[in-house]
Amino acid sequence: MKRRKASQRRKVTYGLLVLAVVMLLASAVGSTRAALTYYSENYTAEITVSQIGVSLLENGETVSSRDYNKNKWNETGNNGSASAVLLKNMLKKDEKLALNKKYDEKLSVKNSGTIDEYTRVRIYKYWVNPDGSKVTALSPDLIDLHLVNQENWVKNPKSTKECTELFYKGILKAGAQSKPFADTIRIDKKVASEVKTEKNGNVITTTYKYDGVQFKVDVEVDAVQTHNAQDAIRSAWGVDASALGIL
482 MKRRKASQRR KVTYGLLVLA VVMLLASAVG STRAALTYYS ENYTAEITVS
532 QIGVSLLENG ETVSSRDYNK NKWNETGNNG SASAVLLKNM LKKDEKLALN
582 KKYDEKLSVK NSGTIDEYTR VRIYKYWVNP DGSKVTALSP DLIDLHLVNQ
632 ENWVKNPKST KECTELFYKG ILKAGAQSKP FADTIRIDKK VASEVKTEKN
682 GNVITTTYKY DGVQFKVDVE VDAVQTHNAQ DAIRSAWGVD ASALGIL
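Using the working numbering, read the sequence shown as starting at 482 and increasing by one per residue.
You can trust all of the hints, since none of them are fake.
Computed cross-link-like contacts, EDC-like style, restricted to lysine to aspartate or glutamate with a CA-CA straight-line distance of at most 20 Å: (1) K671 <-> D622; (2) K582 <-> D622; (3) K654 <-> D597; (4) K639 <-> D721; (5) K615 <-> D692; (6) K577 <-> D625; (7) K582 <-> D669; (8) K677 <-> D692; (9) K690 <-> D625; (10) K587 <-> E542; (11) K582 <-> D664; (12) K654 <-> E632; (13) K670 <-> D625; (14) K670 <-> D692; (15) K569 <-> D585; (16) K642 <-> E675; (17) K569 <-> E542; (18) K587 <-> D625.
Restraint-style ranges between C-beta atoms, simulated for each label pair: (19) V629 <-> N570: 17 to 25 Å; (20) K577 <-> G682: 34 to 42 Å; (21) V629 <-> G693: 28 to 36 Å; (22) Q711 <-> V616: 34 to 42 Å; (23) L728 <-> P611: 42 to 50 Å; (24) K573 <-> D622: 24 to 32 Å; (25) Q711 <-> L580: 38 to 46 Å; (26) E542 <-> K577: 19 to 27 Å.
In short, the hints are calculated from the structure, not lab data.
Think of the CB as a built atom: it goes at the ideal place given N, C-alpha and C, for glycine as much as any other residue.
Could you put together the complete structure from these sequences and hints?
Quick look at the structure:
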């Protein structure tokens with residue numbers, strides 16, 4: 482497993498703030514950036530975007546935040562810049578990643594703005610080669626980010642193995658912190674049984690499919706203002722908030 486950096490970009494829809502944080506696991510670290518755009522001009526005059534903000538917390542510490550203040554975006558990460566790095570302390574010094582071991586990875590969201598908001602989290606799990614290309618032979622299920630507090634985080638039934646979409650149930654008040662949506666991270670030991678066997682005459686070569694690959698978990702956090710929430714959520718996230726029980 483190698484150390485790499487990656488970046489994510491997402492959108493802001495009439496007050497929708499997107500903070501994209503990339504977690505590169507297996508003793509890897511990641512960076513993130515976020516971008517502001519508007520899908521619709523219908524609501525741009527109705528929001529108070531100067532007061533919106535959102536932060537991602539890891540094990541009780543703010544990893545990255547993005548807040549709008551005095552007509553500009555303030556982006557801060559735990560490395561002193563707009564980039565964010567997760568899992569810096571997952572492994573102790575000189576410790577190697579152990580398969581099937583659970584590592585603390587408590588992830589939650591904080592409303593770091595001054596207006597109430599609705600929050601969404603999208604979690605992407607996948608494997609990549611050193612050149613960045615995806616490895617389809619290894620299942621995302623082998624990357625186990627343990628999800629918790631399902632009574633507070635509503636899972637989109639259209640979620641896939643590679644992308645899990647969670648919606649925080651109800652309004653996240655200004656300054657408030659959500660219940661965690663994950664508490665541990667584990668790489669399933671079954672990954673060691675994923676092998677490829679080749680025979681050349683009397684020589685049989687066995688290669689581990691995970692040899693040299695990287696496993697990644699990308700986490701994106703979105704926040705939508707509460708004004709006209711039903712329509713705002715439908716436009717920004719493409720879901721019926723009432724049907725999912727978000728509102």
